[in-house]
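Take these sequences, add in the hints, and give me the full structure.
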Amino acid sequence: MTRMRRIAIIPAAFIGLAAGLSLAQTPPAAMPANPRMADPRKLPPSYLPREALPDSLALLPPPPGKGSAAMQRDEEARKAAARLKGSARYQLATEDAVIGFPEIPNDFACAMGFSINKGARPRLYGLLARMLIDVGLSTYGAKDHYKRTRPFVAHHEGTCYPKDEALLRQDGSYPSGHSAIGWGFALVLAELNPSHADAILQRGREFGQSRLVCDAHWQSDIDAGRVIAAATVARLHADPAFRTDLEAARAEVTAALSKPAPANDQCAAEASALAASNAH
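Sequence positions in the sequence shown follow mature numbering (1 follows the signal peptide of the UniProt record, and there is no 0) and run -24 to -1, 1 to 256.
Be a bit skeptical, because a hint or two may be false.
To be verified - Just the calculated beta-carbon pair ranges, DEER-fashion:
no. : residue 1 : residue 2 : range
1   : Gly95     : Leu177    : 21 to 29 Å
2   : Lys139    : Thr230    : 33 to 41 Å
3   : Ala96     : Ala46     : 39 to 47 Å
4   : Gly43     : His121    : 20 to 28 Å
5   : Glu133    : Glu223    : 45 to 53 Å
6   : Pro98     : Lys55     : 42 to 50 Å
7   : Gln146    : Ala244    : 46 to 54 Å
8   : Met47     : Ala227    : 45 to 53 Å
9   : Pro38     : Ala142    : 35 to 43 Å
10  : Glu51     : Ala237    : 35 to 43 Å
11  : Pro238    : Asp174    : 29 to 37 Å
Unchecked claim - Keeping only pairs whose Cα atoms sit at most 30 Å apart, straight-line, the calculated DSS-like set for lysine-lysine is:
no. : residue 1 : residue 2
12  : Lys123    : Lys42
13  : Lys55     : Lys42
14  : Lys235    : Lys94
15  : Lys123    : Lys139
16  : Lys61     : Lys123
17  : Lys42     : Lys139
18  : Lys55     : Lys139
19  : Lys139    : Lys94
20  : Lys123    : Lys94
21  : Lys94     : Lys42
22  : Lys139    : Lys61
The set of hints was computed from the structure by calculation and includes no laboratory data. Idealized CB from N, CA, C, for every residue including glycine.
Written out as structure tokens, the structure reads:
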């Protein structure tokens, strides 16, 4: 099977998400839990041609095997995360489960110090929407090859977001696409807003950890997702269109930071939820 074939079959969800690539279009509210698989030719343009995407199958080791120390680590991490069910952190993980626009940009609003919306910051919003396709697709070489069973399936349980479970049962667990997207966004946003870099990177990390809290991914899936995110963001920096959009987004960020951010109860609640989970 060629590398192009390995990424040729992708969830129909990416087609819906790709509506956010055009600033003249309205992105969908959420990722549809649709198990159909889509023809990549129906995807709108992203920054990178398919042959330029990082090859996750080449970059990642195999997922942990049954009975291995790494698999034991995954099970222990899952048990620890299960204690958060019903908590504020679990609710935050439920919100993080929605892969869509404006949901994902809003997930980073508190860390950034301002909202990321299409009306006020169209170049930043469009940059994130367009790069999402590259980051997401970069995970599928390994996903489709290993077809790792997700933890909620292996343990005959459910996730924090039942709407997507039918899709997830047919989508490989390794590496985590959610983790890759969250970390990829965090790397770019931290570059654009270095004064808030620690908060942004923490939020990107926790966006991935939400998948552990939700029982939708193993810890090793999440860790591997960050590797693929870093590889994709590095490759994006070699693309002229990405660099042009990055500089336009930087101007929007600079303008937003010149205005004082109002107090936000939602941000206080988010900080509290994240602090509680880190204390476990």
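*Is the straight-line distance between the alpha-carbon of Lys94 and that of Lys42 30 Å or less?*
violated (45 Å)
*Please work out if Lys123 and Lys139 have their alpha carbons no farther apart than 30 Å.*
holds (21 Å)
*Would the pair Lys123 and Lys42 pass a check requiring their Cα atoms to be no farther apart than 30 Å?*
holds (14 Å)
*Pair hint Lys139 and Lys94, alpha-carbon separation not exceeding 30 Å*: Distance of about 26 Å is within 30 Å: holds.
*Has the given pair, Lys55 with Lys139, been kept, meaning a C-alpha gap of at most 30 Å?*
At roughly 23 Å apart (the allowed maximum being 30 Å), Lys139 and Lys55 satisfy the hint.
*asked:* Given the hinted pair Lys139 and Lys61, is their Cα-Cα distance within 30 Å?
replied: Holds, at about 17 Å.
*Starting from the range 42 to 50 Å, see whether the pair Pro98 and Lys55 falls in it by beta-carbon distance.*
Because 44 Å falls inside the window, the suggested range holds.
*Is it true that Gly43 and His121 lie within 20 to 28 Å of each other by Cβ?*
holds (21 Å)
*Does the Cβ-Cβ separation between Glu51 and Ala237 fall within 35 to 43 Å?*
About 41 Å separates the Cβ atoms of Glu51 and Ala237, which means 35 to 43 Å holds.
*Does Lys55 pair with Lys42 here, judged by a C-alpha cut-off of 30 Å?*
Distance ~17 Å between Lys55 and Lys42 Cα, so the pair holds.
*asked:* Can you tell me whether the CB distance of Glu133 to Glu223 sits inside 45 to 53 Å?
replied: Holds - the Cβ-Cβ distance for Glu133 and Glu223, about 46 Å, lies within 45 to 53 Å.
*30 Å Cα cutoff - pair Lys61, Lys123*: Holds: Lys61 and Lys123 sit about 27 Å apart, inside 30 Å.
The structure is inconsistent with the numbered hints 7, 9, 11, 20 and 21, although it conforms to all the rest.
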